[in-house]
Amino acid sequence: MENIVEREGWKMAKLKKTKEEIVNKAKELGVEYESKYQGCGQCTFSAIIDSLRWGGLELLPENMQDRLFCGLSLLSGGVAMTGDGSCGGVTGGVLAIGVALGISREMQATDRSVRRVGYETAWRGIVDKYFEKYNSLLCKDVQRKSFGKAYNLLVS
Numbered sequence: 694m695e696n697i698v699e700r701e702g703w704k705m706a707k708l709k710k711t712k713e714e715i716v717n718k719a720k721e722l723g724v725e726y727e728s729k730y731q732g733c734g735q736c737t738f739s740a741i742i743d744s745l746r747w748g749g750l751e752l753l754p755e756n757m758q759d760r761l762f763c764g765l766s767l768l769s770g771g772v773a774m775t776g777d778g779s780c781g782g783v784t785g786g787v788l789a790i791g792v793a794l795g796i797s798r799e800m801q802a803t804d805r806s807v808r809r810v811g812y813e814t815a816w817r818g819i820v821d822k823y824f825e826k827y828n829s830l831l832c833k834d835v836q837r838k839s840f841g842k843a844y845n846l847l848v849s
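Going by our numbering, the sequence shown opens with residue 694, and the numbers climb by one from there.
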């Protein structure tokens, strides 16, 4: 059985693992990375990228992933630990989807509607699930729903 990632006719790569195995690996790595590094954005992003790499799809070289990890770390806690921005899990996950889709500047300059594929993929893959579970994308709302209250993340 071929494991080809497809999105509206776009063939991305032949995978060595099934979608279910890759998703389970991402969940496992997400827990491991959150425990090791802390920070929803960078841990979610790295778990997705690393699980896809493990499954046979190399989206970016590890040194570029490390650079993105640095930037994503500042988006954790609803942007700079304020709780007022998007949940880092949403941010990291949506970034991983964008990297996977590879909708480049050149593609967007030629046809701006190509971004719609990205929007729809992010919506179906992450955003709608957050609204269903938390009724929000905001860090503080996700905390309230998960822990019963929103924490001041700037105070450790």
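Everything labelled a hint here was simulated from the structure, so no lab data went into it. Where is the CB? At the ideal position from N, CA and C, for every residue including glycine. Please note that the accuracy of each hint is not assured.
[What the hints assert, rightly or not] BS3-like mimics (lysine-lysine), calculated; alpha carbons at most 30 Å apart, straight line:
#, residue 1, residue 2
1, Lys-709, Lys-842
2, Lys-709, Lys-838
3, Lys-709, Lys-833
4, Lys-838, Lys-729
5, Lys-709, Lys-729
6, Lys-729, Lys-833
[To be verified] Simulated DEER-style distance windows between Cβ atoms:
#, residue 1, residue 2, range
7, Glu-813, Leu-846, 18 to 26 Å
8, Val-848, Arg-809, 37 to 45 Å
9, Arg-798, Asp-759, 20 to 28 Å
10, Thr-711, Val-848, 27 to 35 Å
11, Asp-759, Gly-818, 18 to 26 Å
12, Phe-840, Gly-749, 30 to 38 Å
13, Asp-804, Ser-728, 19 to 27 Å
14, Thr-711, Asp-821, 30 to 38 Å
15, Asn-717, Glu-799, 18 to 26 Å
16, Leu-847, Lys-709, 18 to 26 Å
17, Leu-753, Lys-729, 18 to 26 Å
These are the hints, each one checked on the structure:
no. : hint                           : in the structure
1   : Lys-709 to Lys-842             : violated (42 Å)
2   : Lys-709 to Lys-838             : violated (37 Å)
3   : Lys-709 to Lys-833             : violated (38 Å)
4   : Lys-838 to Lys-729             : holds (24 Å)
5   : Lys-709 to Lys-729             : holds (27 Å)
6   : Lys-729 to Lys-833             : holds (22 Å)
7   : Glu-813 to Leu-846: 18 to 26 Å : violated (31 Å)
8   : Val-848 to Arg-809: 37 to 45 Å : holds (41 Å)
9   : Arg-798 to Asp-759: 20 to 28 Å : holds (23 Å)
10  : Thr-711 to Val-848: 27 to 35 Å : violated (43 Å)
11  : Asp-759 to Gly-818: 18 to 26 Å : holds (24 Å)
12  : Phe-840 to Gly-749: 30 to 38 Å : holds (36 Å)
13  : Asp-804 to Ser-728: 19 to 27 Å : violated (42 Å)
14  : Thr-711 to Asp-821: 30 to 38 Å : violated (23 Å)
15  : Asn-717 to Glu-799: 18 to 26 Å : violated (35 Å)
16  : Leu-847 to Lys-709: 18 to 26 Å : violated (42 Å)
17  : Leu-753 to Lys-729: 18 to 26 Å : holds (20 Å)
In the structure shown, a violation is registered for the earlier hints numbered 1, 2, 3, 7, 10, 13, 14, 15, 16, in ascending order.
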